[in-house]
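Put chain B with the ligands on the given structure of chain A with help from the hints.
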Amino acid sequence: MLDITISRGTTVALSKAEFDLLLADLRENGYQTVGPRVQDESIVYADIQTLADLPRGVQTEQEAGHFRLMRGASNNYFDFIPAADSWKKFLFPPRVDLLTVRKGKGWEYVETETATPRYALVGVRGCELAAIEIQDKIFIRPDFYDPTYRLRREGLFIIAVNCLHPAGTCFCTSMGTGPKVQGSYDLCLTELDDVFLVEIGSELGRSLLSKRKYDLPSAFVQNIANQRLARAVQEMGRSLDTRDLPGLLTEPENLEAARWDEVAKRCLSCGNCTQVCPTCFCWDATDSVNLSATQASRTRVWDSCFNPAYSYVFGGNTRPTIRARYRQWLTHKFGAWKEQFGTLGCTGCGRCITWCPAKIDHVAEIAALREEVNS
Amino acid sequence: MTSLLPQSAPPTAGHPGKLIQPDWAEIVRITPETEGISTFWLRFIDPQVRERYHFQPGQFNMLYLPGYGESAISMSSDPEDEERLVAHTIRFVGTVTKNIGRLKVGDVIGVRGPFGTSWPMKQIEGRDLVLACGGIGLPPLRPAIYHIIRNREKYGKVTLLYGARTPKDLMYPDEHEEWQRHDIHMEISVDRGDENWDGRVGVVPMWFYNFRIDPRNTAVLTCGPEIMIRFVIYEGLARRIPAERIFVSLERNMKCGQGSCGHCQIGPYFICKDGPVFPFSVLQRYVNVEEY
Ligand SMILES: Cc1cc2nc3c(=O)[nH]c(=O)nc-3n(C[C@H](O)[C@H](O)[C@H](O)COP(=O)(O)OP(=O)(O)OC[C@H]3O[C@@H](n4cnc5c(N)ncnc54)[C@H](O)[C@@H]3O)c2cc1C
Ligand code: SF4
Ligand code: SF4
Ligand code: FES
Chain A
51 MLDITISRGT TVALSKAEFD LLLADLRENG YQTVGPRVQD ESIVYADIQT LADLPRGVQT
111 EQEAGHFRLM RGASNNYFDF IPAADSWKKF LFPPRVDLLT VRKGKGWEYV ETETATPRYA
171 LVGVRGCELA AIEIQDKIFI RPDFYDPTYR LRREGLFIIA VNCLHPAGTC FCTSMGTGPK
231 VQGSYDLCLT ELDDVFLVEI GSELGRSLLS KRKYDLPSAF VQNIANQRLA RAVQEMGRSL
291 DTRDLPGLLT EPENLEAARW DEVAKRCLSC GNCTQVCPTC FCWDATDSVN LSATQASRTR
351 VWDSCFNPAY SYVFGGNTRP TIRARYRQWL THKFGAWKEQ FGTLGCTGCG RCITWCPAKI
411 DHVAEIAALR EEVNS
Chain B
6 MTSLLPQSAP PTAGHPGKLI QPDWAEIVRI TPETEGISTF WLRFIDPQVR ERYHFQPGQF
66 NMLYLPGYGE SAISMSSDPE DEERLVAHTI RFVGTVTKNI GRLKVGDVIG VRGPFGTSWP
126 MKQIEGRDLV LACGGIGLPP LRPAIYHIIR NREKYGKVTL LYGARTPKDL MYPDEHEEWQ
186 RHDIHMEISV DRGDENWDGR VGVVPMWFYN FRIDPRNTAV LTCGPEIMIR FVIYEGLARR
246 IPAERIFVSL ERNMKCGQGS CGHCQIGPYF ICKDGPVFPF SVLQRYVNVE EY
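If you're matching them up, the sequences are chains A and B in order.
When we follow my numbering, the leftmost residue of the first sequence carries the number 51, and every step to the right adds one.
When we follow my numbering, the leftmost residue of the second sequence carries the number 6, and every step to the right adds one.
Looking at chain A on its own, in the form it has when it is part of the complex:
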């Protein structure tokens, strides 16, 4: 080991073999290491043991309603851009048991022991880290917190990674979240052909790294990394003008624009966009009983503002049309969210565009709305 003091903010060069040892060290310390894996011609976040589990040499081609894995030019591990799956499922799981009660004299709670998993997330992109920080504002507030989210969040170890090959649907530059990671992480990687440049973001990150063999990166290597990052900004697939947000999407007259009718003809109200979005937080509680009706449970599940039951009230639905639902979604993300949580609800990850079966491009929708109301 070199005799250099490392601290928060230091960047070191770490070989890929040493990185695997770092992952092993995390596991020995009780972390479940999760990261990207190729599955069903897509990429999911799941348990990983070593870098060998990652999608090596894979890039992704993404457009509205289109996703494809391709062979990349290099043999690197993080050349792809994430697919539909997001880290959201680890902190805000799609299904959580809320409570179980047993019928006695009245009702009593059946205590269930649930151990909180401790996750080390491997390969969190700038937009994805921004999404976690947005959800923090929703689930951990002074007046309320979600215990599942909070416990998992507090135990999280984050290995972020700077994006070098943005996809066609990415627009993080517009949202100020990437391609260089902006949020707070434990370690942040920039991947070069034979090493990772690792920036230290926390004391925990430092202490893990201090057990590894690392080097200080040469100016030459640093330079290559910087050039690749600069190129990534240039290669950003889309851009969104945010100067008139959130106003464009909150002004009442704009809520009656003809564009909403137009997009409503194409939208299927399938809710894919909300399911893949790393910031969407709506949920529903469902009820079940055992056969003898002596025990009942409640489960929290992800919900979507595109679901008709979401806005049902006795005698009607407050958003009975696809027009109203699509408008709710878009105006919440890029409008009302700001007043609610102090930030827009979008990080520019592009998932909602890639995974829309109707190829609706929300960036283009905002531009079209702008054009209509300003003309």
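Treat the hints with caution; some may be incorrect.
Said to hold, decoys possible - Derived EDC-like pairs (lysine to aspartate or glutamate); straight-line CA-CA distance at most 16 Å: (1) Lys-409/A with Asp-147/A; (2) Lys-155/A with Asp-199/B; (3) Lys-109/B with Glu-231/B; (4) Lys-153/A with Asp-199/B; (5) Lys-23/B with Glu-303/A; (6) Lys-155/A with Asp-112/B; (7) Lys-155/A with Glu-88/B; (8) Lys-23/B with Glu-111/A; (9) Lys-153/A with Glu-31/B; (10) Lys-162/B with Asp-199/B; (11) Lys-23/B with Asp-193/A; (12) Lys-103/B with Asp-86/B; (13) Lys-23/B with Glu-389/A; (14) Lys-187/A with Glu-389/A.
No lab work stands behind these hints: they were computed from the structure.
Chain B with the ligands only, in chain A's frame:
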């Protein structure tokens, strides 16, 4: 979002360390009101909860019936009830409420709350009040009526405009006399009369024409079907009552009561915590947006 009206935060029934875990309450009395509507009087089983639980007029609880789910229901009893009972007047419309309708005295249900903003009883002291409600809109106003009666000298002229579908649908008829005795002027109307009905026939907002309003000193509290609320607002504004002094209680699908599940949103507001009671001034910009 900071809350717009007084809110008695945080809720005192329900376990803060759990997402939605209610406290248990026993049904001690059931009062049938009208066809398909009854009032359930609840007593918290845990004496500590009974002691610390307080609500303000206009707030609501989430009632939990195991196996069926939760429903947002306003309190309809006197917040200062001596026996510490909490009443809910419930219309049986669907999964949860119809099955609550099958419960008997002695049965137990779950309660979380209280949630949301309340009628601004303090802020409107010294004012003439118009309470305008239709159908199931009266129960959420009843705690305000009790409060007014208890503090009658603090309020000016009080008028209750109350509409129901038929004479049989009028709620709390035994109490009307008592309310009037405390100088609450009542204008009751039904959509359809019957052979014994000699009162008014028509819709609530019409009866604004029947009495004089001093717009400089009047506050309106309204709750009921959204269409009725709209007309009440319209009539109030037409009489130059400022939008800041017209208070409306809104209903939206609700799952959590604490600004987390997303269901109850309208624009930037979560009805469950920024409402359900709003001064109309903050809703004004959205009122004409269709299906918002
Ligand atoms: C703040 C507030 C106060 C309320 N106060 C009262 C009251 O004092 N008395 C009373 O009888 N009712 C009240 N309601 C309405 C009551 O919540 C619904 O009638 C009830 O939730 C219907 O549930 P259900 O399972 O029986 O019906 P279902 O039709 O089976 O319900 C299906 C779903 O829609 C939701 N839902 C249906 N109608 C409504 C509605 N009107 N408002 C909100 N969610 C709805 C339910 O929560 C459920 O998730 C209030 C609603 C709100 C939001
Ligand atoms: S709205 Fe779309 S682009 Fe923005 S964070 Fe959600 S999925 Fe990503
Ligand atoms: S915008 Fe696309 S993904 Fe979203 S609900 Fe409509 S069709 Fe589905
Ligand atoms: S009821 Fe869940 S956010 Fe309001």
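Against the structure, the hints:
1. Lys-409/A with Asp-147/A: Roughly 35 Å between the alpha carbons, so the hint for Lys-409/A and Asp-147/A is violated.
2. Lys-155/A with Asp-199/B: With a Cα-Cα distance of about 46 Å, the restraint between Lys-155/A and Asp-199/B is violated, given a limit of 16 Å.
3. Lys-109/B with Glu-231/B: At roughly 32 Å apart (the allowed maximum being 16 Å), Glu-231/B and Lys-109/B break the hint.
4. Lys-153/A with Asp-199/B: 46 Å, violated
5. Lys-23/B with Glu-303/A: With a Cα-Cα distance of about 41 Å, the restraint between Lys-23/B and Glu-303/A is violated, given a limit of 16 Å.
6. Lys-155/A with Asp-112/B: 9 Å, holds
7. Lys-155/A with Glu-88/B: 23 Å, violated
8. Lys-23/B with Glu-111/A: Violated, because 42 Å separates the two Cα atoms, which is more than 16 Å.
9. Lys-153/A with Glu-31/B: Given that 16 Å is the threshold and the Cα spacing comes to 14 Å, the pair holds.
10. Lys-162/B with Asp-199/B: 31 Å, violated
11. Lys-23/B with Asp-193/A: The given pair, whose Cα atoms are some 14 Å apart, holds under the 16 Å limit.
12. Lys-103/B with Asp-86/B: 27 Å, violated
13. Lys-23/B with Glu-389/A: Cα-Cα ~27 Å, so violated.
14. Lys-187/A with Glu-389/A: 12 Å, holds
Going through the hint list in order, the structure does not satisfy hints 1, 2, 3, 4, 5, 7, 8, 10, 12, 13.
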